[in-house]
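Q: Spelled out, the chains give:
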Amino acid sequence: MTLASTLVSLTSGRLKAYGVEEARKGKAAGWAEAGSLGSSAIGGGIGLWVAHHAPAPWFSGLVLAALCLACPIALLFVADAEPEARPERYLDRLTDIAKDIWRTARTRIGFLGLLLMLLPLGTGAASNLFSAVASEWRVGEDAVALVNGVLAGVAQIFGAIVGGVICDLIDRRRAFCLFGLAPAVVTIAMALLPRTPQVFIGLTLAYYLVNGFCYAGFAAVILEAVGRGAAGTKSSLLVAAANVPVALMTTLDGRWHDQFGVNGMLYGEAGVAIIAVIAMAVFVRATRDWRLGLGARIPSAAE
Amino acid sequence: MPKPAAKSSLFPFMIIMGPFGIANGYVSVTLGFLLAHAGMPTAAVATIVAFSLWPLTLQMFWSPLIDTTLTTKRWHIIGSVLTALAILALSLSPATVANAAPLTLLVIV
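Which chain is which? The protein sequence lines are A and B, in order.
With the first letter of the first sequence counted as 1, position 96 gets the number 756 in this note's numbering; the numbers rise by one all the way through.
With the first letter of the second sequence counted as 1, position 91 gets the number 580 in this note's numbering; the numbers rise by one all the way through.
Be careful, since some hints might not be right.
A short list of chain B residues far from chain A (calculated; beta carbon distances all over 10 Å) [stated by the list, open to error]:
#1 Gly-510
#2 Gly-514
#3 Gly-528
#4 Pro-530
#5 Thr-531
#6 Ala-533
#7 Ala-535
#8 Leu-574
#9 Ala-584
#10 Thr-585
#11 Val-586
#12 Asn-588
#13 Ala-589
Ranges between beta-carbon positions, derived for each pair [said to hold, decoys possible]:
#14 A:Gly-705 x B:Ala-535: 17 to 25 Å
#15 A:Asp-831 x B:Thr-560: 26 to 34 Å
#16 A:Thr-755 x B:Leu-581: 38 to 46 Å
#17 B:Ala-532 x A:Glu-801: 18 to 26 Å
#18 B:Thr-585 x A:Val-810: 39 to 47 Å
#19 B:Leu-581 x A:Phe-920: 23 to 31 Å
Source of the hints: derived by calculation from the structure; they are not laboratory data.
All residues carry an ideal CB built from backbone N, CA and C; glycine is no exception.
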């Protein structure tokens, strides 16, 4: 099922890469991420509700399968990605993809995009442990379920749409870095403020909201970096790279929590994000005129 | 040369991502609940759910197919239909420990 669903996300990326003009790619990324988050809530929420209330467990599968089959109707309202002239031999097509990846990796926009994907920014790792640590804020189970369930989904969807708009207003890589700092501000506030249920609920929702910003920034950076050509393959490589810091931060947050308590986890995640943004800023400044690959200067985004 | 991009509504991109998100939500929440409800041990459920992450990391191996064959829309329809069939197959499969291997395979593909 997941392999099949990647065909959907990959084609969505290609359709955006080809069908959306450069100035609106941030918004397009935001809408798509909102769609992914919203439909995930449907897959979990409606699926679970139907499973609870239907006479047979397979009924939830039937409902969700019907929804999956209905979604491609939206394809009628977007232009198909027109492929550039493809070589006759399949091997030549693959060679073209390899050349395209290499070309993109050597552009400043592609190279910095890849670097950003490897940074531990906007991973949302702390949210995996919010339910586990909620008792420190004396939050009831129902409130925890509500905040980390439906309300988290709404906050992330709203954040993704707003984040996408912001990505069209300022430089997308800069936006992603700023978005990546926002969860750090929230986790520091969680560590410093009094441990009351109100603080937990407010700041947890704030975390999910800025996490939605990060989702949009992440997708916008990828969309900008891959350009056209082999957009599907290039975006899949960037997504694979982005999974590394997510897995790393989830592991680190768990360890810091066990070793240093909740504050250790909160300060740890914030510290890593701040260091990552500073390192990125220093790197960008230091490599303005850097040469990559076969002696070619990395073109700037404006070029 | 590619056609110049036309200024159109971006809302359809939200719907287009539907099957991807539904699959994620189904496997992590609904399937997890159904399997646990049927008496499958938590560790076995967690293992099956964890396998769903593999294709997200390995998708670079089949993504060239989308860039080099058929049209993007056709691939999207294929992906949506296969996702729907996989969800249906998963919901019809017996949620037992003995059936864990076929369930895992269905979650992956």
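Q: Hint by hint, say whether it matches the structure.
A: Hints versus structure:
The non-interface label for B:Gly-510 is inconsistent with chain A: the shortest C-beta to C-beta separation is roughly 3 Å, within 10 Å. The Cβ of B:Gly-514 does not lie farther than 10 Å from every Cβ of chain A; its closest approach is about 3 Å, which violates its non-interface assignment. Every C-beta of chain A lies more than 10 Å from that of B:Gly-528, the closest at about 13 Å, which supports listing it as non-interface. Every C-beta of chain A lies more than 10 Å from that of B:Pro-530, the closest at about 18 Å, which supports listing it as non-interface.
Under the 10 Å C-beta cut-off, the non-interface status given to B:Thr-531 relative to chain A holds; the minimum distance is some 15 Å. The claim that B:Ala-533 lies off the interface holds: its Cβ sits roughly 17 Å from the closest Cβ of chain A, which is beyond the 10 Å cut-off. No beta-carbon of chain A comes within 10 Å of the beta-carbon of B:Ala-535; the shortest separation is about 13 Å. Interface exclusion of B:Leu-574 from chain A breaks down, the closest Cβ pair being 7 Å apart, not more than 10 Å.
Some Cβ of chain A comes within 10 Å of the Cβ of B:Ala-584; the nearest lies about 8 Å off, and the non-interface call is violated. B:Thr-585, annotated as away from the interface, keeps every beta carbon of chain A farther than 10 Å; the closest lies near 13 Å. Once the 10 Å rule is applied to beta carbons, B:Val-586 is consistent with being away from chain A; the minimum gap is 16 Å. Distance check on B:Asn-588: its Cβ is at least 13 Å (rounded) from any Cβ of chain A, clearing the 10 Å threshold; non-interface status holds.
Even its closest Cβ contact with chain A, about 15 Å, leaves B:Ala-589 beyond 10 Å, as expected for a residue assigned away from the interface. Restraint check, A:Gly-705 to B:Ala-535: a C-beta distance of roughly 21 Å satisfies the suggested window 17 to 25 Å. Our hint of 26 to 34 Å for A:Asp-831 and B:Thr-560 holds, since their Cβ atoms are close to 33 Å apart. Judged by the Cβ atoms, the range 38 to 46 Å given for A:Thr-755 and B:Leu-581 holds: they are separated by roughly 43 Å.
A beta carbon spacing of about 23 Å between B:Ala-532 and A:Glu-801 agrees with the range 18 to 26 Å that was offered as a hint. At roughly 31 Å, the beta-carbon separation of B:Thr-585 and A:Val-810 lies outside the given 39 to 47 Å, and the hint is violated. Between B:Leu-581 and A:Phe-920, the C-beta spacing of about 47 Å breaks the proposed range 23 to 31 Å.
Checked against the numbered hints given earlier, the structure breaks hints 1, 2, 8, 9, 18 and 19 and satisfies all the rest.
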